[in-house]
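Chains P and X, in that order, are what the protein sequence lines are. If you count the first sequence from 1, position 76 lands on 76 in our numbering, and the numbers rise without skipping. If you count the second sequence from 1, position 13 lands on 13 in our numbering, and the numbers rise without skipping.
A portion of the hints provided could be inaccurate.
[As the list claims (entries may be wrong)] Here are the simulated distance ranges between beta carbons: (1) M45(X) <-> R105(P): 10 to 20 Å; (2) I60(P) <-> A72(X): 34 to 44 Å; (3) D27(X) <-> H56(P): 18 to 28 Å; (4) N2(P) <-> E63(X): 16 to 26 Å; (5) T82(X) <-> R58(P): 39 to 49 Å; (6) N22(P) <-> D65(X): 25 to 35 Å; (7) I12(X) <-> P8(P): 32 to 42 Å; (8) Q14(P) <-> D65(X): 48 to 58 Å.
[What the hints assert, rightly or not] To be clear about the criterion: a stretch of chain X counts as covered by chain P if any three or more of its residues have a C-beta under 8 Å from a C-beta of chain P, and this derived list gives those stretches: (9) 31-44; (10) 88-98; (11) 107-116.
[Unchecked claim] In silico DSS-like links for lysine-lysine, alpha-carbon gap of 27 Å or less: (12) K64(X) <-> K97(P); (13) K97(P) <-> K66(X); (14) K20(X) <-> K41(X); (15) K55(P) <-> K68(P); (16) K97(P) <-> K20(X); (17) K55(X) <-> K20(X); (18) K68(P) <-> K53(P); (19) K64(X) <-> K41(X); (20) K68(P) <-> K55(X); (21) K97(P) <-> K14(X); (22) K55(X) <-> K97(P).
Simulated from the structure, these hints should not be mistaken for laboratory data. It should be emphasised that the depicted structure is a prediction, and the values quoted were computed from it without experimental measurement. Where a beta carbon is used, it is the ideal one built from N, C-alpha and C, also for glycine.
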Amino acid sequence: KNEVEQSPQNLTAQEGEFITINCSYSVGISALHWLQQHPGGGIVSLFMLSSGKKKHGRLIATINIQEKHSSLHITASHPRDSAVYICAVLSNFGNEKLTFGTGTRLTIIP
Amino acid sequence: GAVVSQHPSRVICKSGTSVKIECRSLDFQATTMFWYRQFPKQSLMLMATSNEGSKATYEQGVEKDKFLINHASLTLSTLTVTSAHPEDSSFYICSARVNRNHEPSYFGPGTRLLVL
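Chain P on its own, in the form it takes in the complex:
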């Protein structure tokens, strides 16, 4: 079993739909990242959070430390949101390494 698991692996939705991507992890963490990777390959850090909820534009990220679970939500989805979304956790062992989920490939159809 992977330390970080994401679901779904692939998600196709119509423009305007509300999107939820889930991430579960099995290790103790100090922080969790949500990353976005576009087809060109570059990675953008969307959020880093260790508790509660963060919002940036149409993106919302939540984390429940007790349940070891985080969600990324996209409201009013748009074709430009099509990308791979990756959850990565920073362990609390102090080694600074990120452990990555396998990613969720999101496709928004106009």
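Dock chain X against chain P, hints included.
The following block gives chain X in isolation, referenced to the frame of chain P:
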């Protein structure tokens, strides 16, 4: 947000040659830089952790003599793929972070290496 650059963005080389990839933090000093490789449709795999002024720490299975890492300053780390072979063809990504609590990692745009 902070910016990390990589150069080159794409490189094609012949088998047996060496390729150097640069990773720079443009507006902050990165105490730690990380090098990853990513094969198509797979997740990022950490290759090594690089701290300024000290030797890099390599992950299990990564040959340190093959993938030379130099973290010469707080804004520059280089990865040299020595005697590259076709199986080294991959997408190489660096990230950088400041060694302070609650600071995120910032990722470079990646370098696509194709070895013929």
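Hint-by-hint comparison with the structure:
no., hint, verdict
1, M45(X) <-> R105(P): 10 to 20 Å, "holds (18 Å)"
2, I60(P) <-> A72(X): 34 to 44 Å, "holds (40 Å)"
3, D27(X) <-> H56(P): 18 to 28 Å, "holds (20 Å)"
4, N2(P) <-> E63(X): 16 to 26 Å, "holds (25 Å)"
5, T82(X) <-> R58(P): 39 to 49 Å, "holds (45 Å)"
6, N22(P) <-> D65(X): 25 to 35 Å, "violated (41 Å)"
7, I12(X) <-> P8(P): 32 to 42 Å, "holds (35 Å)"
8, Q14(P) <-> D65(X): 48 to 58 Å, "holds (51 Å)"
9, 31-44, "holds (count 6)"
10, 88-98, "holds (count 4)"
11, 107-116, "holds (count 5)"
12, K64(X) <-> K97(P), "holds (18 Å)"
13, K97(P) <-> K66(X), "holds (22 Å)"
14, K20(X) <-> K41(X), "holds (24 Å)"
15, K55(P) <-> K68(P), "holds (20 Å)"
16, K97(P) <-> K20(X), "holds (23 Å)"
17, K55(X) <-> K20(X), "holds (17 Å)"
18, K68(P) <-> K53(P), "holds (14 Å)"
19, K64(X) <-> K41(X), "holds (25 Å)"
20, K68(P) <-> K55(X), "violated (34 Å)"
21, K97(P) <-> K14(X), "violated (33 Å)"
22, K55(X) <-> K97(P), "holds (16 Å)"
Hints 6, 20, 21, counting from the list given before, are not met by this structure.
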